[in-house]
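Keeping the supplied structure of chain A fixed, place chain H upon it in accordance with the hints.
Number of protein chains: 2
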Amino acid sequence: MSKIYAGVDLGGTTAKLGLFKKDGTLITKWEIPTRKEEGGKYVCPDIAESIKKKTEETGLALSDLAGAGIGVPGPIRPDGYVEVIVNIGIRDWNPVKELSGLLGGIPVKGENDANIAALGEVWQGGGKGYEDVVAVTLGTGIGGGVILGGRIVPGSKGMGGEIGHMVMDWDWPEPEACNCGNRGCLEQIASATGVARIARRFMRESDRASSLRDISGVTAKDVFDAAKAGDTLAQEVADYCMMYLGRALAYVSQVVDPQVFLIGGGVSKAGQYLLDLLQKHYDPLIVLTKEKAKLKLATLGNDAGIYGAAKMIIDER
Amino acid sequence: MSKIYAGVDLGGTTAKLGLFKKDGTLITKWEIPTRKEEGGKYVCPDIAESIKKKTEETGLALSDLAGAGIGVPGPIRPDGYVEVIVNIGIRDWNPVKELSGLLGGIPVKGENDANIAALGEVWQGGGKGYEDVVAVTLGTGIGGGVILGGRIVPGSKGMGGEIGHMVMDWDWPEPEACNCGNRGCLEQIASATGVARIARRFMRESDRASSLRDISGVTAKDVFDAAKAGDTLAQEVADYCMMYLGRALAYVSQVVDPQVFLIGGGVSKAGQYLLDLLQKHYDPLIVLTKEKAKLKLATLGNDAGIYGAAKMIIDER
Chain A
73 MSKIYAGVDL GGTTAKLGLF KKDGTLITKW EIPTRKEEGG KYVCPDIAES
123 IKKKTEETGL ALSDLAGAGI GVPGPIRPDG YVEVIVNIGI RDWNPVKELS
173 GLLGGIPVKG ENDANIAALG EVWQGGGKGY EDVVAVTLGT GIGGGVILGG
223 RIVPGSKGMG GEIGHMVMDW DWPEPEACNC GNRGCLEQIA SATGVARIAR
273 RFMRESDRAS SLRDISGVTA KDVFDAAKAG DTLAQEVADY CMMYLGRALA
323 YVSQVVDPQV FLIGGGVSKA GQYLLDLLQK HYDPLIVLTK EKAKLKLATL
373 GNDAGIYGAA KMIIDER
Chain H
73 MSKIYAGVDL GGTTAKLGLF KKDGTLITKW EIPTRKEEGG KYVCPDIAES
123 IKKKTEETGL ALSDLAGAGI GVPGPIRPDG YVEVIVNIGI RDWNPVKELS
173 GLLGGIPVKG ENDANIAALG EVWQGGGKGY EDVVAVTLGT GIGGGVILGG
223 RIVPGSKGMG GEIGHMVMDW DWPEPEACNC GNRGCLEQIA SATGVARIAR
273 RFMRESDRAS SLRDISGVTA KDVFDAAKAG DTLAQEVADY CMMYLGRALA
323 YVSQVVDPQV FLIGGGVSKA GQYLLDLLQK HYDPLIVLTK EKAKLKLATL
373 GNDAGIYGAA KMIIDER
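Taken in sequence, the protein lines are chains A and H.
Under our numbering, the first residue of the first sequence is numbered 73, with each subsequent residue one higher.
Under our numbering, the first residue of the second sequence is numbered 73, with each subsequent residue one higher.
With the rest of the complex left out, here is chain A:
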């Protein structure tokens, strides 16, 4: 049997896990709950136990496991040290060392979850065949991962690809600040919650008719669905949000000039309609080259993290 690699994508509710061959074949994937009790002391033992059990169930030997990668929802230092992961409640933790110990000393590597998702997409998803890629995840917040030459750019303090916190509206007109403390961040405008926020603002600021007014608790999906169905207010909301995202992507191009941007996360389910709006705002800002970066959809969805985590440790071997 050839060697296998485990990819772990740790989240606040569940950990996603996968076993992979070196060529990118997914052998099996599964999920376990993330137990937050007692400062998260069960997190690594649960993961290790589950990997052992699944390896055996799949008819593989634990001795075939050549390494594991783990993505965590927060900043992690190159040596694996984590100061704090807010949504699990873990502090002063080194999941890399702990997991390696629990798995018989195999090599383990850790990374921020947005970065491993980006790497996963480049390996086996929408970015396959490219090596300079920036992935943007439009979820509750906005995450980003920068891949250059096929490798994650973590940044000197783990802040590489934190494009959700680029301040894009310097005259932010709403009282609510971003979670990060700044005002007018991209995340406040173009995330799922951001698109909904802008829709509420547009409805508040005019009396114009819109199908969105009949919906209580408008979501980003509602906005894009209504826009596609011809609702002009919804179209303006979508256009406004994608204008700011397009500006941010132009800034990213002016720093690292990727071949491709991959757009993922819940908001990206709006598909080609969203990409077309984005391209309309992005292209005119890129004037120094005729070859604009391609805008594409991410394709691995929630599996991107386990792919990237496995790829990360394969690249180390």
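Treat each hint with caution, since some may be false.
Note that the list lumps identical chains together, so a pair holds whenever it fits in one copy or between two copies.
[What the hints assert, rightly or not] Cross-link-like lysine to any residue pairs, in silico, SDA-like; alpha carbons within 20 Å at most:
#1 K352 <-> R319
#2 K366 <-> E203
#3 K364 <-> R149
#4 K124 <-> S135
#5 K366 <-> Q351
Honestly, the hints are just simulated from the structure, not real lab data.
The following block gives chain H in isolation, referenced to the frame of chain A:
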């Protein structure tokens, strides 16, 4: 004799040249005019001839020359091909292949001049000891170079580090567009010509007294000198320009998270006064880490390019 390396920084008026040891010791440096006649056909022969002559004059053997790097004032592809260099008038040119042929087939590598200047500063200048550095040159225009892991990030279309063309003022109030065709680019605000432009605007828009009003053809140097001497209008101009530069550097941090920004070019002669203004605007925008990137002055001046060109070919060997 140990091996030596040539660094060439080709400009529209002169080419700067240097011979280096592998450890960064500069053996000698000199300049030759850039002959633009007949579509630039003399440029490479002049450079090669000059390197041969200087090598002999210095008591070295041409056989000791192990490689050469050349920086060019425009985009250059990885294989050395140059579509056009506007300020020399050269088209369809491959200085890398031509120079290698003229120097007996030694390895030659080419790069954009802003990128090699950044690499030179990281090797032997203000960035020494760091490996993740973004260098910003505030001259007539604004150039930038991104160095990650000690290596240049050229970008997939050679646009890496083109931060001068980030649109920073989306409501650009002046009729004049940027050279690139867009409006409100960082270069229009924070380059030497940009600072002078903003000074003219501030004087036009108020009747307030200022020592700048006594100067015909106000320069960026005039603005910073007057600001340091207590002229409040000049202080406001300097603050305004550095606010936009600080915002741009924050964007750069949110993409690649460097350890250090190096500020060079003529405007940077304003020194610590400029750095203090910049830091004031940059720091509050970086909220995800307590360790902000350091802002430092570039130290090699016009020699940065020859250092970086030599380092580039040394790294290839």
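For each hint given before, does the structure comply? Return the numbers of the non-compliant ones in rising order. none
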